[in-house]
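*Asks:* These are the residues of each chain, in order.
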Amino acid sequence: MSLFVFVSLGLVLETLLAYKVGSYVDVGSEARRTMWRLAHVHGTGLAVLQIAYGLTLKSVPAAADALTSACLLVALGLVPLGFFGGGIVVHGGDPGVLVFAVPPGAVALAFGVGRVALVVARHPR
Amino acid sequence: MPALTAPLLLVGVAVLCLVRLARGAGIARFGVAAAMAGAAVPFALWTPREEAARPPPVRVSAASEYVTSDVCKSCHPSEYASWHDSYHRTMTQAVSARTIAATVEPPLSWTLDGRAYGLRRQGDGVWATLPDASVRRVVLATGSHHYQAYWVEGSELSLFPFVYLLGDKRWVPRREAFVQPPGPDAPVHWESNCIQCHTTAGSPGYEAARDGLRPEAAELGIACEACHGPGGEHVARHADPFERYAAYARADADPTIVNPSRLTPERASMICGACHAYTYPRDEEDFWTHGYTQSFRPGRDLESAKILLTAARLGQTGSPTLSTAPENLFYDDGTVRIGGREYNGLVLSACFTRGEGKRKLGCLSCHWMHDSAPDDQLAAGHEGDGACATCHDGARYSAASHTHHAPGSPGSACMGCHMPMTAYALLKSIRSHRIDSPEARDVASSDRPNACNLCHLDRPLAWTRSRLEQWYGQRAEPAGAATVSDTAAGAAWLLAGDPGQRAIAAAAMASAGARATVPVGWQAPLLRAALADPYAAVRFIAERSLRTLPASTRAAPADPGPIDALVAARSARALTLSE
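Top to bottom, those sequences are chains G and E. In this text, residue positions in the first sequence follow my numbering: the first is 1, and each later residue adds one. In this text, residue positions in the second sequence follow my numbering: the first is 1, and each later residue adds one.
Only true hints are included.
Derived, one-sided and incomplete: chain G residues facing chain E with beta-carbon distance under 7 Å: (1) Val27; (2) Gly92; (3) Gly93.
Hint data in this document are derived by calculation from the structure and do not stem from the laboratory. All of these numbers come straight from a predicted model, not from anything done at the bench. A virtual CB, placed ideally from N, CA and C, is assigned to each residue, including glycine.
Hey, can you work out the whole structure from these sequences and the hints?
*Replies:* Written as structure tokens, this is what we have:
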């Protein structure tokens with residue numbers, strides 16, 4: 001579902017670009033453009049990561065852990081939505097205040113991925 | 001010092017490599033390491049050469065409070081973009097093939113007063129050939145809207161005597177773009193004069209030790225910091241993202257930068273008035289050293305640094321001695337007659353002197369420097385009558401009962417009557433920024449062309465006076481005392497007026513108002529006569545106006561008698577309207 005949402009966001013952004021919508025393509029909207037592109041890229045990437053995590057659990061069941069799963073889900077929510085929200089209201093070259101959701105999401109992502117990596121590394125081949 | 005950082009770092013790395021590799025003591029390894037270090041030295045000593053075209057006036061010290069527009073861009077992209085489109089940005093530019101408006105390929109040559117001049121392009125640069133056969137680089141160009149003038153390098157920058165008219169795509173001697181009598185041009189000094197307003201934070205930089213000038217500017221052209229003040233403190237403070245977001249949350253005025261829209265109309269207008277007015281320095285010594293970079297900053301009282309030159313102040317103790325007569329700068333009612341000095345007009349306007357609070361007229365009441373069309377930089381919705389209607393009752397004052405003109409006609413527009421084209425600059429007439437109303441008592445007594453007759457050129461002043469008396473209950477005082485000519489006012493101004501009046505009348509002949517009111521073909525014989533005016537600027541405008549008339553009306557007059565009589569009465573005053 002999340003992959004569908006964030007891939008669709010890419011289509012929306014392409015449409016905004018194609019129709020030269022001022023609030024997206026104007027010089028003053030550079031911060032918004034950057035934020036929404038980041039939302040699209042990170043959302044898609046993190047959605048793929050969820051799938052990869054699910055596939056990992058098949059071969060490494062020990063990686064199934066509520067905290068790891070929660071971290072990855074939090075990252076999937078905070079990072080792209082922080083970027084997207086930061087692009088809704090921009091202050092000149094600065095994104096809106098919702099961009100502050102990104103750093104906690106990034107920490108959650110690093111923590112979650114780190115935990116998976118540790119489990120996988122310790123898993124006997 | 002920062003310039004030395006990279007070379008020192010490079011040398012340091014090379015030495016470390018040398019020590020590290022030589023540790024094995026093998027002579028071959030030591031040789032390789034030494035060769036590497038040796039190879040690094042030239043790179044360490046090499047520094048990029050300053051671009052040869054970098055013009056001398058742009059000298060910004062490392063300790064400068066100014067940061068330049070490049071720094072503003074990252075946080076204020078919209079404002080930067082709208083400024084970037086403006087003629088303020090390109091008021092002065094370093095000359096290159098990209099910035100020169102004229103084509104100088106193949107090379108151009110002229111003769112002026114028996115002296116030969118030339119311009120040619122070589123690579124990315126433009127070079128001037130001067131009468132002494134020297135070839136010097138053209139380093140700066142000023143102007144990008146109406147015409148472009150060029151500065152040639154030397155111990156002092158000197159002005160190339162030809163300017164390029166952008167609209168007409170032709171070169172003319174610079175002196176002919178001004179209303180001044182035929183003859184040599186007065187010298188113009190970039191370092192001490194033009195730099196003040198054609199750059200951001202320009203200063204002559206007088207150095208007493210060597211009794212010479214060392215001009216510097218924060219940036220060429222009129223950039224962000226010309227209106228917002230130096231940005232160093234603002235940039236330093238807002239480099240911290242938490243500080244920035246705290247400021248967004250507070251939404252109050254930032255004390256580290258000036259936002260003219262938060263100032264009172266009076267103070268905001270002073271920012272424009274710093275350049276768009278005739279002024280002279282209150283502290284001349286400080287001016288020669290620092291320009292106005294220390295004595296005036298946006299948001300401060302302009303009068304603390306500059307004394308506004310007015311008709312009343314001229315001739316008073318302490319006022320400067322001008323190279324031209326006061327009547328060449330001001331009409332006898334005190335209205336400035338030169339374009340580009342709009343602040344002089346504004347401060348005499350009732351909307352400014354009597355306005356209160358936000359209803360006090362200021363430059364930003366009509367103009368906006370961002371998101372506005374570059375030509376006049378009028379704020380959105382403030383074109384036409386829009387600006388006046390923000391304070392005045394639009395319905396009441398646009399009604400025929402007030403205007404006595406058909407709705408939609410040039411005479412029904414607020415600016416047609418209250419901001420007539422009575423200022424001269426740049427080979428055209430410009431709206432007076434002294435906003436006032438035509439007065440019956442002034443029609444015959446003032447040398448300022450009245451708004452009515454700038455459209456009704458074929459009517460005498462007596463006709464205008466009677467209309468004003470009849471429509472608005474005005475009385476010429478003392479009644480009927482002034483002798484009123486029965487000659488068509490437009491003809492009298494064009495052929496018998498002073499040079500400034502002649503230039504303005506020549507421009508008025510082609511205006512929409514004149515074309516709507518005077519009989520078809522009426523202007524042509526007068527404009528033909530004006531083609532023989534001794535002033536080149538008048539001839540130029542007359543020729544341009546003549547071209548706008550239908551070809552069928554340009555025939556020679558059947559009876560040139562009245563025109564000859566007017567020409568014989570032409571004012572011989574040597575009017576010099578200059579910058």
